[in-house]
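> Can you make the complete structure from the sequences, with help from the hints?
This is what each chain is made of:
Number of protein chains: 2
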Amino acid sequence: MAAEEERAPDALAGSPLASGLQVLELAGGLDLVSGRRLEHVQIAYETFGELDPQGANAILICHALSGDAHVATGPDRFGETVQGWWEPVVGPGKAIDTEKYFVICSNVPGGCSGTTGPGSADPATNMPYGLRFPLVTIEDMVDAQAALIDHLGISRLACVTGGSMGGMQALAWVRRYPERVASVAAIATTWRLAAQSIAFNEVGRTAILGDPAFLGGDYYEQGQPSHGLAVARMIGHITYLSDDSMREKFGRRLCEREEHAFEFVTEFEVESYLAYQGRKFVERFDANTYLYMTKAMDYFDLSAGHATLAGALADVRSRFLVLSFSSDWLFPTYQARELVDALKATDAEVSFAEIESPYGHDAFLLEPEQQRQYLEPFLARIVAEERECATAGPSAPTAGGDAR
Amino acid sequence: MAAEEERAPDALAGSPLASGLQVLELAGGLDLVSGRRLEHVQIAYETFGELDPQGANAILICHALSGDAHVATGPDRFGETVQGWWEPVVGPGKAIDTEKYFVICSNVPGGCSGTTGPGSADPATNMPYGLRFPLVTIEDMVDAQAALIDHLGISRLACVTGGSMGGMQALAWVRRYPERVASVAAIATTWRLAAQSIAFNEVGRTAILGDPAFLGGDYYEQGQPSHGLAVARMIGHITYLSDDSMREKFGRRLCEREEHAFEFVTEFEVESYLAYQGRKFVERFDANTYLYMTKAMDYFDLSAGHATLAGALADVRSRFLVLSFSSDWLFPTYQARELVDALKATDAEVSFAEIESPYGHDAFLLEPEQQRQYLEPFLARIVAEERECATAGPSAPTAGGDAR
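Chains P and D are the protein sequences, given in the same order.
Residues in the first sequence are numbered consecutively from 1, following this note's numbering.
Residues in the second sequence are numbered consecutively from 1, following this note's numbering.
To be clear, the hints were calculated from the coordinates, so they are not data collected in a lab.
These numbers come from a predicted model, not from an experiment.
One or more of the hints may lead you astray.
If several chains are the same, the list does not tell them apart, and a pair holds so long as it fits within one copy or across any two.
[What the hints assert, rightly or not] Here are the simulated SDA-like cross-link-like pairs (lysine to any residue), alpha carbons at most 25 Å apart as the crow flies:
#, residue 1, residue 2
1, Lys344, Ala380
2, Lys249, Val265
3, Lys94, Glu376
4, Lys280, Gly210
5, Lys100, Arg387
6, Lys94, Leu254
7, Lys249, Gly305
8, Lys249, Ala310
9, Lys94, Leu366
10, Lys249, Ala304
11, Lys344, Arg176
12, Lys280, Gly35
13, Lys249, Thr239
14, Lys344, Thr308
15, Lys94, Gly55
16, Lys280, Val265
17, Lys249, Arg317
18, Lys100, Gln370
19, Lys249, Arg205
20, Lys344, Arg247
21, Lys344, Gln373
So, in structure tokens, the structure goes:
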């Protein structure tokens with residue numbers, strides 16, 4: 001998979017270290033885990049900071065279900081300077097310091113923010129793929145990222161990190177490209193979904209697929225199946241918060257009224273909040289992409305092909321930082337512990353912390369300082385070691401595990 | 001509110017102690033908390049067992065969101081002998097022993113199983129009410145039950161019990177008719193919903209209200225908004241189970257396949273289970289009733305009109321058994337404890353147990369033996385005391401609290 005062409009965005013603004021949206025065309029296409037193949041793939045990505053001369057400070061950030069390449073402040077895909085989806089964590093002087101590291105973030109295949117997905121035109125018909133777009137897996141997302149770092153001339157990543165579905169990609173890297181990833185910071189994530197999470201995803205998909213406006217996925221001319229997508233997002237939003245944070249944030253407060261309406265109208269603040277989240281999401285996100293992303297998450301199983309997770313991780317040489325959040329009930333701490341236990345069983349170097357937070361799954365977006373205390377020293381140490389190994393010569397990185 | 005007419009069901013079968021479906025017409029109508037009034041109300045109910053000569057062994061069971069009057073084995077509303085919704089708990093020799101107690105269960109107003117609700121014909125138009133049916137509250141349900149026990153000649157209930165929304169009704173009784181209820185057994189319930197539960201209800205309502213087949217609630221000729229109602233039920237079902245029980249029951253097992261389909265089809269067993277639950281529900285339940293029941297739950301607040309729950313319960317003289325289940329995350333134990341603490345602050349007699357169970361909220365339907373060890377002695381004691389008081393004379397019940 002070689003890069004064919006690189007297109008600059010129309011406008012660049014903000015930090016000179018933020019690339020703005022770049023688009024890489026994968027001339028070689030992308031062979032998918034399903035056995036299908038995407039002939040024409042473009043990958044939307046952004047970079048922040050500068051690659052050091054040894055190429056030892058590259059950090060790949062993987063986005064979650066509804067994320068995109070715009071992880072931090074810089075020109076967005078319309079050329080305007082806006083904050084990124086992981087703004088509190090990524091940027092100059094932040095936990096993932098773009099003055100120290102070369103940060104890469106790309107939109108995943110199947111996405112709707114610049115990378116080829118179900119809303120892209122199928123070259124065979126010049127019409128949007130819709131459901132004719134092949135299902136993508138977390139591993140396919142990682143393969144696209146590997147092609148991207150090839151293009152950027154990066155042989156080895158100091159760290160792959162991400163929260164939620166982003167954390168799954170980070171974990172998939174160590175099985176897919178074990179030699180190319182020095183470390184993984186897996187945050188608010190899991191090594192495979194439990195039945196409850198698959199169930200929530202399935203209800204969201206059912207809401208979308210059953211919306212009459214869905215039209216079998218070919219709704220691009222007529223407009224989104226807004227109702228189904230909004231319902232799916234509302235369900236998702238409940239799972240991203242916690243009972244505690246919702247009580248704190250909304251309680252039983254009514255919006256702009258003192259007494260119940262005794263009608264089927266929006267009355268409680270929490271209802272108004274959810275409805276707003278649903279509406280906002282429909283404006284920016286593609287319903288088909290929602291289907292593809294949730295399916296990719298459902299399929300993901302880091303232990304696939306092995307009897308145990310530890311067995312699947314036997315050859316892993318990367319170092320790990322695993323962070324969970326106390327009130328995250330979508331990907332609860334016990335799932336992070338299962339991963340940590342399996343890694344320990346393989347003698348991998350792994351640090352684990354459960355961060356106390358009331359914010360549920362969303363805590364990975366809302367607790368920068370607590371994440372910083374683990375991320376910052378972890379990244380500093382890894383990059384220092386990578387530089388040392390790079391200086392010592394090309395064979396050092398793989399042997400480095402013993403030297404440390 | 002006086003009884004006007006009582007209609008016998010077409011057929012009676014099963015235990016001679018099971019009444020089969022009875023229908024009480026409330027000649028006086030029903031004044032609702034909203035200020036609105038239902039002129040014509042019929043209440044569908046069933047009874048099991050026999051009222052003792054002192055009228056001291058009457059137990060009212062209140063049903064949950066999707067329940068009905070058919071709580072235990074006996075002829076159902078079609079005259080066939082079928083099991084009831086609380087079968088493992090109610091019946092001869094069971095925790096709520098119909099050989100010892102006179103058990104009453106009625107369908108709530110707003111329901112769709114015989115009691116007047118949104119699917120009933122509005123006498124003014126002879127068309128189904130639809131959303132013109134007034135919103136009912138938990139307190140309105142209790143008022144209808146009070147009219148029913150008037151009709152049955154019962155002045156005082158030995159116990160009012162129920163799980164989930166049934167438990168809310170049981171609790172509402174002690175504020176609405178404090179002198180008429182000797183005890184309450186509140187199971188897997190809460191004194192008011194937290195924001196998270198309101199949020200889940202609202203997503204379900206949104207799914208129904210936005211289904212194009214909903215037709216503003218006037219869908220009775222064209223057929224149910226099946227898709228919206230099924231989605232609502234699927235969401236509900238996830239909240240009735242627990243992460244643990246879903247992992248145990250389904251894990252990540254696929255249905256009748258070894259490998260992923262890489263298509264948007266039902267693949268995981270948990271998806272198949274949820275889809276089945278959705279379909280089954282649509283066959284037996286009315287979408288409008290779903291809206292009315294969830295709204296009644298959202299509105300319920302046992303502390304309403306008072307600064308604190310303890311303040312609202314200051315004059316309560318009933319005795320309480322409160323049961324929660326360890327894995328119930330819909331109405332978690334902390335909410336039961338809030339109720340218990342408030343009751344203790346008023347010097348009410350209250351027993352509380354958190355039952356260890358993996359079954360989540362559904363545990364109140366699935367853990368008969370664990371409930372029996374608390375319910376059986378509680379009911380035996382209450383009824384014995386009620387009989388003693390009844391023998392001692394009409395003033396005894398209210399003074400009884402001091403004698404014990």
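> Look at each hint and say if it fits the structure.
Here is what the structure says about each hint:
1. Lys344 / Ala380: within (22 Å within a copy, 55 Å between copies)
2. Lys249 / Val265: within (20 Å within a copy, 37 Å between copies)
3. Lys94 / Glu376: within (8 Å within a copy, 61 Å between copies)
4. Lys280 / Gly210: Answer is both: 21 Å inside a copy and 17 Å across each meet the 25 Å cutoff.
5. Lys100 / Arg387: within (13 Å within a copy, 81 Å between copies)
6. Lys94 / Leu254: neither (38 Å within a copy, 43 Å between copies)
7. Lys249 / Gly305: between (43 Å within a copy, 22 Å between copies)
8. Lys249 / Ala310: Between copies only: 24 Å across chains, 40 Å inside a chain, cut-off 25 Å.
9. Lys94 / Leu366: Answer is within: at 14 Å inside a copy they meet the 25 Å cutoff, but 51 Å across does not.
10. Lys249 / Ala304: Cα proximity of lysine 249 and alanine 304: across copies only (20 Å, versus 40 Å in one copy).
11. Lys344 / Arg176: So lysine 344 and arginine 176 pass the 25 Å test inside one copy only (20 Å; across, 59 Å).
12. Lys280 / Gly35: Classified as neither: same-chain Cα gap 36 Å, cross-chain 37 Å, threshold 25 Å.
13. Lys249 / Thr239: Both. Shortest intra-copy (15 Å) and inter-copy (21 Å) distances satisfy the 25 Å Cα cut-off.
14. Lys344 / Thr308: within (13 Å within a copy, 50 Å between copies)
15. Lys94 / Gly55: So lysine 94 and glycine 55 pass the 25 Å test inside one copy only (21 Å; across, 73 Å).
16. Lys280 / Val265: Within. Shortest intra-copy distance 19 Å satisfies the 25 Å Cα cut-off; inter-copy 28 Å does not.
17. Lys249 / Arg317: neither (43 Å within a copy, 35 Å between copies)
18. Lys100 / Gln370: This pair counts as within: shortest intra-copy Cα distance 20 Å, inter-copy 60 Å.
19. Lys249 / Arg205: So lysine 249 and arginine 205 pass the 25 Å test across copies only (22 Å; inside, 28 Å).
20. Lys344 / Arg247: between (37 Å within a copy, 24 Å between copies)
21. Lys344 / Gln373: Close inside one copy (22 Å), not across copies (44 Å); limit 25 Å.
Hint compliance for this structure: hints 6, 12 and 17 are broken, all remaining hints hold.
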